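Chains as they are written, first to last, in the working numbering: chain A, 142 to 468; chain B, 26 to 608.
Derived from the structure by calculation, the hints contain no laboratory data. Given the structure is predicted, the values throughout are model-derived calculations rather than measurements. Beta carbons are placed, not taken as given, at the ideal position from N, Cα and C, and that holds for glycine. Be aware that a few hints might be false.
Unchecked claim - Listed next, with one range per pair, are the computed distances between beta-carbon atoms:
{"no.": "1", "chain 1": "B", "residue 1": "Ile599", "chain 2": "A", "residue 2": "Asp433", "range": "55 to 61 Å"}
{"no.": "2", "chain 1": "A", "residue 1": "Glu395", "chain 2": "B", "residue 2": "Pro208", "range": "41 to 47 Å"}
{"no.": "3", "chain 1": "B", "residue 1": "Arg133", "chain 2": "A", "residue 2": "Asp468", "range": "57 to 63 Å"}
{"no.": "4", "chain 1": "B", "residue 1": "Ala223", "chain 2": "A", "residue 2": "Glu395", "range": "25 to 31 Å"}
Each chain, letter by letter, is given below.
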Amino acid sequence: MKLSHIVTASMVAALAATTAYARDEIRIVGSSTVFPFSTAVAEQFGRITDFPTPIVESTGSGGGMKLFCAGIGEEHPDITNASRRMKHKEFVLCQENGVTDIVESVVGYDGIVISNAIEGPTFEVTREQLTIALAANGPLPMMWSDIDPSLPMIAIEVLGPPPSSGTRDAFEELVLHEGCETTDLVECEGITIREDGVWVDSGENDNLIVSKLEANPNAIGIFGYSFLDQNSDVIKGLNVDGVEPTFENIADGEYTVSRSLYFYIKVAHIDIVPGIQEYAAEFVSEDAAGEDGYLGDKGLIPLPEGMFEENAAAVTGLSLMTGHEWD
Amino acid sequence: MISMTELSKKHVSPESAARLKKRKSAQKRLQMLGIMAITISGLALVTLLWSVFGKATGAITESYIEMTIELDADEIDRDNIRAANFSGMAKSMLKDSFPYVSGRTPRRQMYDLISVGAAFELRDMVMENPSLVGQTITFEFLASDIADLYLKHSYGQIEAAPHTGDISLVTEGKVTTIQSSAPDFAPLLVSVRAGLHAKAEGLRTQAQMQENGRVVFDQRAADGEDVEVNLAEAIRRGAARDQFYAQADELDALAAQQGAVFDLDSRTASVFVRVGDSWIKLETISETSGSGEILGEFTQDSYAAADWELMVYATPETARKVSDIQAMLLENLRDADKIVTHFNTHFFTAGDSREPELAGVWGAAVGSFWTMMVTVIFAFFIGVPAAIYLEEFAGDSRATRFVEVNINNLAAVPSIVFGLLGLSVFIGFFGMHRSSPIVGGIVLGIMTLPVIIIAARAAIKAVPPSIRDGAMALGASDLQVSMHHVLPLSMPGILTGTILGMARALGETAPLIMIGMVAFIVDIPDGPTDNATVLPVQIFRWADFPERAFEARTAAAIVVLLLFLFVMNFAAIILRKRFERRW
Chain A
142 MKLSHIVTAS MVAALAATTA YARDEIRIVG SSTVFPFSTA VAEQFGRITD FPTPIVESTG
202 SGGGMKLFCA GIGEEHPDIT NASRRMKHKE FVLCQENGVT DIVESVVGYD GIVISNAIEG
262 PTFEVTREQL TIALAANGPL PMMWSDIDPS LPMIAIEVLG PPPSSGTRDA FEELVLHEGC
322 ETTDLVECEG ITIREDGVWV DSGENDNLIV SKLEANPNAI GIFGYSFLDQ NSDVIKGLNV
382 DGVEPTFENI ADGEYTVSRS LYFYIKVAHI DIVPGIQEYA AEFVSEDAAG EDGYLGDKGL
442 IPLPEGMFEE NAAAVTGLSL MTGHEWD
Chain B
26 MISMTELSKK HVSPESAARL KKRKSAQKRL QMLGIMAITI SGLALVTLLW SVFGKATGAI
86 TESYIEMTIE LDADEIDRDN IRAANFSGMA KSMLKDSFPY VSGRTPRRQM YDLISVGAAF
146 ELRDMVMENP SLVGQTITFE FLASDIADLY LKHSYGQIEA APHTGDISLV TEGKVTTIQS
206 SAPDFAPLLV SVRAGLHAKA EGLRTQAQMQ ENGRVVFDQR AADGEDVEVN LAEAIRRGAA
266 RDQFYAQADE LDALAAQQGA VFDLDSRTAS VFVRVGDSWI KLETISETSG SGEILGEFTQ
326 DSYAAADWEL MVYATPETAR KVSDIQAMLL ENLRDADKIV THFNTHFFTA GDSREPELAG
386 VWGAAVGSFW TMMVTVIFAF FIGVPAAIYL EEFAGDSRAT RFVEVNINNL AAVPSIVFGL
446 LGLSVFIGFF GMHRSSPIVG GIVLGIMTLP VIIIAARAAI KAVPPSIRDG AMALGASDLQ
506 VSMHHVLPLS MPGILTGTIL GMARALGETA PLIMIGMVAF IVDIPDGPTD NATVLPVQIF
566 RWADFPERAF EARTAAAIVV LLLFLFVMNF AAIILRKRFE RRW
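Okay, chain A solo, but in the shape it has when bound (with noise of 0.2 Å):
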């Protein structure tokens, strides 16, 4: 038979090529939140040199981890990206597969704001007030106003990432977390987001919140703040604390929901996979990442000038991590 020729040559012919492809391009993994700008450093790294463009997947920090403390060799990812640091047991997890040496680079900080509509009341928000609302353990209110009478007189309806998700676990760390110190009504020990239908999971798809809240004016959104920069026609963020996200709020820490994104790179494929330094010090270069620089317009939140030159100093010099960072 004739096709079952074709059969065959296709067969032998595709793992024929599997086996003898050999990796030129850089792999990163991880964070949704640092994907966007990821992307445009791997797109930007293409355009001015002569190394093929890297390939960004957008496996969630966790996933991205996972992945990339898998071990060494072509199958393996390069660089990671985290909207969270590595943590002690991944670290170690990375040290048992023989990813012993790993550099790590913070890119900038991303806002995480507490939206609604434009239409919708204007109120301001104190992260201890976040944390009544929200808290598993807490009083579970129905209303604002509940928790302070002060607050409008609407239901709590909050949109927000699905549990899958970084800016979730950043959202609990920076507000749960810290509200809960401040107040009598919510313990802090294994405090968690309540689950009665208040918090409503939008999935990791933030454009998809920013239209539920036009739709909904009593509605607030939780996700990051580049949807708020690009869609303020439409929607406002809250103060919380008595200060407005803004740019300039999170870039100098006034504004306290923020966090700072990284990336790691695996120094032992340095020698495998070409353009892996290059790459990264077009990540961290004054052009990308620095004030004035093109992620800039994507939404990230630059470093301060003292931090920005330690760390690009770091990743061009490869200074590894010891181990020791969680002391």
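With the hints as your guide, set chain B onto chain A.
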């Protein structure tokens, strides 16, 4: 025996008529329900297509800014054109074209008018045609997404407002004051005043909220619980309330003031005075005057009413991505006929990009093509022999029944499971690399396999036994019967099933997440082992980007995917109609 009369009595009896009526109305109800169901689904489809196609129209064209640029031989090394700093040249070209734009932020905003990709397109053009070095050429620079959206009126736009007065200008330092002989700015004051009143109203709402708090805390204190704390809190709320009321009254007083000078800021409408290419963006206005900084050059001290224009951008600067400077420059360029609109070729020829204006579906379409090729080879050439064997050769044993049941079960397995299989078997065990169409194709092939087997078996079963018997009678072997007679006759049915299975595979994203095809890949894949992504993944990823311009591109990519699906389903129908045999 029932006699005729009894029968007709039965049939014309009132009970019978009632029964008949009931039967007929039941039928009516069913018909109505059917029509309603069809109408509702039809409306849903129309709404879906309307919104997708409506949004996609924004991606049909793209804007270019036509500028002349000198390709200075000192800056470009003829032997290494690639290394020349074309972005820098584009920036200095803009700086030279608009010398009056000064200061860091305005300049940055000006540079943002053209896409970051434009300089690289210029580079590629010069690399193709090195003789251009040293010449001054006219080049169409691709506009950035913000400029493009402004030109398509997505952010509202600057519009001329009526005016009757002659104006005189007095410049002191940086600020120029405009005095008009008529109350030309009065209509604008209406909206400024309304804005102030609205703001005051907002403050009053907040004051009311503080008052609510004060009442509650006062009550609590009166009830004797934590008197001191609650009283203090009530006083604090009362003070906050008074502060809000005071601010609100202040704003109202300002709004009511006659002949007052109002500040304009980034939260109010932007107002400009324009003469030719030169603009003054007003920082303050009153009924007959305004003041602000000059952008450009005003040669005279006064202008007659016919010589100047009053321009208003009703959308406040904070509510749009395009800044006042960018809008002014774009208006100048538009009036100078420097804005060119073309069919959006980037969208159909480019790979992925983080810049909406450079992003295209071609990379994803090619990736989909390679993935589908692998899928069809894998699924068809395994599925059809399997179906032939099960139908024609396998007996009705316990083992074959077990296999049959499992094939049917496999058809109902959620697609993500196949992704996990691909991850552990093909990537984990065989060490094939992530993000390649070959892995994606095999995974999708395994997913479509049961669909194809089931369709093929149905088609083979439909071939009448007489054909088989006839062939047998002429001395054909079992294999010859299957291959020469049954298979060709069942082919249209098999192909239809295959195409429908492929159409499903074409729209899948879930299994591809696991094997790394949900990735940002700029380069267009050359073959099934290159890194690639597929159309539905491209849609999913673009829908997640914050940039407004991706909305239209997402919709356009959906249209492309729908077209593919439409063509495939159409092909299935043609096959069925053309080659269908009836016995």
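Range first: 57 to 63 Å. Now tell me if the beta carbons of Arg133(B) and Asp468(A) are that far apart.
violated, 42 Å
Open item on the list: Just to be sure I understand the hint, the distance between the Cβ atoms of Ala223(B) and Glu395(A) should be within 25 to 31 Å; is that true here?
Closed with: At 27 Å between Cβs, range holds.
Worksheet item: Lying within 55 to 61 Å: is that true of the beta-carbon distance Ile599(B) to Asp433(A)?
Response: Holds, since Ile599(B) and Asp433(A) (Cβ atoms, about 57 Å apart) stay within the stated range.
### Query
Taking the beta carbons of Glu395(A) and Pro208(B), is their distance inside 41 to 47 Å?
holds, 43 Å
Figure legend: structure checked against the earlier numbered hints; the only hint not met is number 3.
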